[in-house]
Amino acid sequence: MSRNADDHTVWQELLAGHALNALDPAEEAEMLAHLAGCADCRAELDEHALTAAHLAALADDESDTAPGWSDIRGGLFGEDAPVISIDRGRHRVSQRLLAAAAGVVVIAGAALATSQLLVSSGGDSHRVAVASCGTARPCSVIPLRSKDGVHRATVVVTDGVARVQPVAMSRAPRGRTYVLWQLPRGRAPVPLTEFVSASATSGSSPLSVPLSQTTAFAVSSERADIHPTSPTHVVAIGSV
Amino acid sequence: MLTLHNGDGRHVRAEAQEDAVLLREVARGSEPALEAIYNRYGPACYRLARRILADAHLAEDVTQQVFLALWKGSGYDPRRGALSTWLLGITHHKAVDMVRHEERRRAERLGPAQAEIAAAIPGPDDVAWESLRAMQARAALRELSGDHREVLLLAYYGGFTQTEIAEMTGLPLGTVKSRTLHAMRRLRETLAPSLGAEGDETR
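Residue numbers (my numbering), protein chains in the order written: chain A, 1 to 240; chain L, 1001 to 1203.
Don't take every hint at face value.
Listed next, with one range per pair, are the computed distances between beta-carbon atoms [what the hints assert, rightly or not]:
# : chain 1 : residue 1 : chain 2 : residue 2 : range
1 : A       : S140      : L       : D1077     : 41 to 47 Å
2 : L       : A1016     : A       : R174      : 31 to 37 Å
3 : L       : G1075     : A       : P138      : 48 to 54 Å
4 : L       : Q1017     : A       : G186      : 33 to 39 Å
5 : A       : S70       : L       : R1024     : 20 to 26 Å
6 : L       : R1142     : A       : S212      : 25 to 31 Å
7 : A       : A43       : L       : A1027     : 23 to 29 Å
Treat the hints as calculated values from the structure; they're not laboratory data.
Please read all numbers here as calculations on a predicted model, not as lab measurements.
Note that beta-carbon positions come from the ideal geometry of N, C-alpha and C, so glycine has one too.
Chain A extracted, bound-state conformation (with noise of 0.2 Å):
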């Protein structure tokens, strides 16, 4: 089958199904050799390719207990296989060289938590949201990070009633808002309360369900004219 090489739509049909694996290998194979000259279709194949993963995330069902690496291991390198770095011929395996990865991943994994410990610990409107829970039992106080780990906002329950703290937030831009969302475990996130303000204390609302059945709360930055049904625009959040 050949294809006119002028009708990119053609091509993007077929890129689409050939990044769901869904071609019949005739149209895959075409597809293929496509790819090789196309750096376009390779663009957009590598956007595919993300939102793909995405719907992978759909799967990523933590209650689904996935085998362990000795499971896998076996399969590798047979199931006697001694437990070791593995000389494959280029040169040995320098522990030195992993130790010093490993480093990496636990400096990394030390400074983001330091840099959290800083912040949580260190805004005064953390110190207020906390102080609020006054000698109300129980209280729970719950961070909201952004996505680098800056501590933005901070959620405090009690009875019921979840108030928020901005803690490093501007003020909303024109025209839009903060939400404050639940997202009880297993069902769709629930707006809460809206805010604009950044340094007092904005906004209160009962919770949609107990705490125990929530996974987590979520600022996000909305339009102010709408509604939506989900966040948006994450701003922070935080597992509960």
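Put chain L on the given structure of chain A with help from the hints.
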């Protein structure tokens, strides 16, 4: 748990750097480095394979094949995306290959429930962002029309070719192809604002 590199946060960059270090060690023959990568991404690969194959043993076989490919010299190119994206793509490809050799299983497990993907249950702190992605992906799927969602999920989770989907649904093959393209693009558009710029508006 699964991490996808959409944003440019320091945490994500640090993870990519760690992946790069580990991959270099794998290339030098370090099993501990391979184990570290497995511990990071293997469970997500296994769960995707299991979702497609509906069989724990076959899913484990697929997961072994994926990490064997990584061990043997993967062909992974970091310029084209994150390691997690590549591993999940390979997993999907191998799982679909396997499911097509398991026709009976496919017929047995296909049903309306297959299209309703179960919720990912988040765990401790560090997985909150990742579980949010699953939630957002689910929300993005809901934004698609039923027709578009159907062709997408039959292909991705059912492992059916577009020709098979056309036969199953009675749709012309061209319609299946155009709906697939539209669904992928729409999904990407819906996901983009929520995942591509997380945390931008806080300063």
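Hints, one by one, checked against the model:
Distance hint for S140 (chain A) and D1077 (chain L): a CB-CB separation of about 45 Å, consistent with the stated range 41 to 47 Å. Checked against the given bound of 31 to 37 Å, the beta carbons of A1016 (chain L) and R174 (chain A), roughly 35 Å apart, stay inside it. For the hinted restraint 48 to 54 Å between G1075 (chain L) and P138 (chain A), the CB-CB distance of approximately 53 Å keeps it satisfied. Hint check: Q1017 (chain L) to G186 (chain A), Cβ distance near 34 Å, so the stated range 33 to 39 Å holds.
Remark: the range hint 20 to 26 Å for S70 (chain A) to R1024 (chain L) is upheld by a beta-carbon distance near 24 Å. A hinted range of 25 to 31 Å for the beta carbons of R1142 (chain L) and S212 (chain A) is consistent with their spacing of about 27 Å. Between A43 (chain A) and A1027 (chain L), the C-beta spacing of about 26 Å keeps the proposed range 23 to 29 Å intact.
Checked against the numbered hints above, the structure violates none of them.
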